[in-house]
Amino acid sequence: MKGLKIIVLAKQVPDTRNVGKDAMKADGTVNRAALPAIFNPEDLNALEQALRVKDQIPGATVSILTMGPGRAAEIIREGLFRGADNGYLLTDRAFAGSDTLATSYALACAIKALGGADLIICGRQAIDGDTAQVGPQVAEKLGLPQITYAEEVLEVTTKSVKVRRRLDNGVETVEGALPMLITVNGSAAPCRPRNAYLLQKYKRAVTVTERQEASNDYIELYHDRPYLNIVEMGVKDIDARLEDLGLPGSPTKVKKIENVVFQTKEAKILGPSDANIEGLMIELLSNHTLG
Amino acid sequence: MNNIFVYCESEQGVVADVSLELCTKARKLANQLKCKLEAVVIGTRLKGVEKQLFPFGVDVVHIAEGDALEPYTTLPHTAILVKLFQEEKPQIALMGATVIGRDLGPRVSSALHSGLTADCTSLEIGDHEEKKSNTVYKNLLYQIRPAFGGNIIATIINPDCRPQMATVREGVMKKEVFSETHKGEVKNIDVSKYVTPQDLVVKVLERHTEKSKVNIKTSPIIVSGGYGVGSREGFQQLFELASVIGAEVGASRAAVDAGFADHDRQIGQTGVTVRPKLYIACGISGQVQHTAGMQESSMIISINNDPEAPINKIADYVILGDVSDVVAKMIKYYKKNSK
Chain A
1 MKGLKIIVLA KQVPDTRNVG KDAMKADGTV NRAALPAIFN PEDLNALEQA LRVKDQIPGA
61 TVSILTMGPG RAAEIIREGL FRGADNGYLL TDRAFAGSDT LATSYALACA IKALGGADLI
121 ICGRQAIDGD TAQVGPQVAE KLGLPQITYA EEVLEVTTKS VKVRRRLDNG VETVEGALPM
181 LITVNGSAAP CRPRNAYLLQ KYKRAVTVTE RQEASNDYIE LYHDRPYLNI VEMGVKDIDA
241 RLEDLGLPGS PTKVKKIENV VFQTKEAKIL GPSDANIEGL MIELLSNHTL G
Chain B
1 MNNIFVYCES EQGVVADVSL ELCTKARKLA NQLKCKLEAV VIGTRLKGVE KQLFPFGVDV
61 VHIAEGDALE PYTTLPHTAI LVKLFQEEKP QIALMGATVI GRDLGPRVSS ALHSGLTADC
121 TSLEIGDHEE KKSNTVYKNL LYQIRPAFGG NIIATIINPD CRPQMATVRE GVMKKEVFSE
181 THKGEVKNID VSKYVTPQDL VVKVLERHTE KSKVNIKTSP IIVSGGYGVG SREGFQQLFE
241 LASVIGAEVG ASRAAVDAGF ADHDRQIGQT GVTVRPKLYI ACGISGQVQH TAGMQESSMI
301 ISINNDPEAP INKIADYVIL GDVSDVVAKM IKYYKKNSK
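Read top to bottom, the protein sequences are chains A and B. Just so it is clear: in the first sequence, position 67 is 67 by our numbering, and no numbers are missing. Just so it is clear: in the second sequence, position 148 is 148 by our numbering, and no numbers are missing.
Hints were generated in silico from the structure; no laboratory data involved. Just so you know, these numbers come straight off a predicted model, no measurement behind them. Each statement offered as a hint is correct.
Calculated pairs, SDA-like style, for lysine to any residue (alpha carbon to alpha carbon, straight line, at most 20 Å):
(1) B/Lys-332 x A/Pro-272
(2) B/Lys-332 x A/His-288
(3) B/Lys-138 x B/Gln-32
(4) A/Lys-162 x B/Tyr-72
(5) A/Lys-255 x B/Asp-127
(6) B/Lys-329 x B/Ser-243
(7) A/Lys-253 x B/Lys-131
(8) A/Lys-268 x B/Tyr-317
(9) A/Lys-268 x B/Lys-277
(10) A/Lys-253 x B/His-128
(11) B/Lys-175 x B/Gly-13
(12) B/Lys-332 x A/Leu-285
(13) A/Lys-141 x B/Cys-161
(14) B/Lys-313 x A/Leu-270
(15) B/Lys-277 x A/Thr-289
(16) A/Lys-255 x B/Lys-132
(17) A/Lys-255 x B/Asp-160
(18) A/Lys-141 x B/Ala-111
(19) A/Lys-256 x B/Thr-135
(20) B/Lys-332 x A/Ile-282
(21) B/Lys-51 x B/Ile-189
(22) B/Lys-83 x B/Met-1
(23) B/Lys-28 x B/Leu-140
(24) A/Lys-5 x A/Leu-144
(25) B/Lys-332 x A/Gly-271
(26) B/Lys-51 x B/Asn-188
(27) B/Lys-131 x B/Pro-159
(28) B/Lys-217 x A/Thr-289
(29) A/Lys-268 x B/Leu-278
(30) B/Lys-329 x A/Gly-279
(31) A/Lys-255 x B/Gly-126
Please build the complete structure, drawing on both the sequences and the hints.
As structure tokens, then:
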């Protein structure tokens, strides 16, 4: 039986869920440096579904593809520690300023350059943009059908897949032929933790750039253990039209950014005494806010 | 040509609220742009569906009816919209930021190479000057949305590509009848010319829908709890207050993530947007992600033991104290004085 080829699309994102006091500067703007960079949460849900398919289908492989700056290799290592087979970092200055459409185009070109896939699985959306657009747009660029908001891959063969997906008001089960792109919802099973053996095996997995920046102590390691090489891909490797990448390839432009600053208005401050609460309730009742 | 199109979701011939909200907004934009408002409905049992849409100011209703078109699957709906948009060349296309709209919108925008902005909280018409090329773009759609976890508000434009596409969540725009007597035109789409058998490769095998039991969106009073409520048991007291004063219970994302409340009660950027006449925020610190979904409440009472909690800045009343103590007193004194 031919092995199933699975590509997981993942993104390194600033952890916007934990925006604490120090994450906002005095002028009310976001202090990006104070936010840790993490594996986009729903992409981890996606990785878990991919690994479950791999567990079921002999010879299936899971590759992680991420587009981002050099340090995004961190999430590829994270994926390797959890069970992915290999990873590809798509990085190039030409991608800077990409909106979702230009991002999708670059990812689709990279997937083609990697020889395509039977299943492409990604998170529903990334927490820094919350757009949920890249998955469906990659599918469209590759001419593949899509199943979004997936909660569980129920059945999979080398030819078809059956998936339970979330709706606004319920769930449904859908089935379709491979190749297919699936986006996974945050309500799906969490990703399995790092595996101690894989952590040892892949702890020195690096990209070429990272290897050049590091000391040469382990240089022979990368000859003997080719799986430690995280492949870096740039524009020249993916046969993409330059005008469809980055800022020029992005139909949407940001006209204006406003930082959210709370407007202060006069609030009446009350202590929790019985008299205060009773007074407030009487006031709300008398002006018909309550009752 | 160059009209505004709204993709209308329907189930068994009933148009979804979010689509009517969008029509309401789109009618205003169309008046401003002096163009027509057109709606597209794709599904089954659509005979007479235009009667639901005309009162919202729709001038043309495109109807695509077929058994294979409902329940919704991605490809046939995409095929119809893409071809229709290529023929009709709308300047603006709107859809709900629902599971359907967020599945369909990106697919259509990719096929047409047009820009799409997800989850807009405001749509306006305005001009844009491109300084580099010294070009002035008139009457663009300003697509305004929170980004970066709600910490910034971005205004997005699509200067060159059409249609300018945007999705909007349910409850963000108001649904208002434009005119009971407004009449428009119906255009039936010949589905066989738009949808190929290859578009039907994904099949819906089974579907369980449930009417949402919780309806926080329409409740005039909301008692909402945050992480500061401390536990699921703590939320029980909020339910008690809610039942006494005739309110629904909402929750912040932190409370939902912690398992104190169910997801269908979540208020904020990633939950529902509400604008009740009274919002009682219990133990909610008030991150922007949350306040984005409730700051238009007519009156806000914050119960918090942290005087510095951000939510206090938008509150009308701040009760500094322990949530369970204050809520117990509210129940007691409401009962005492409401009779």
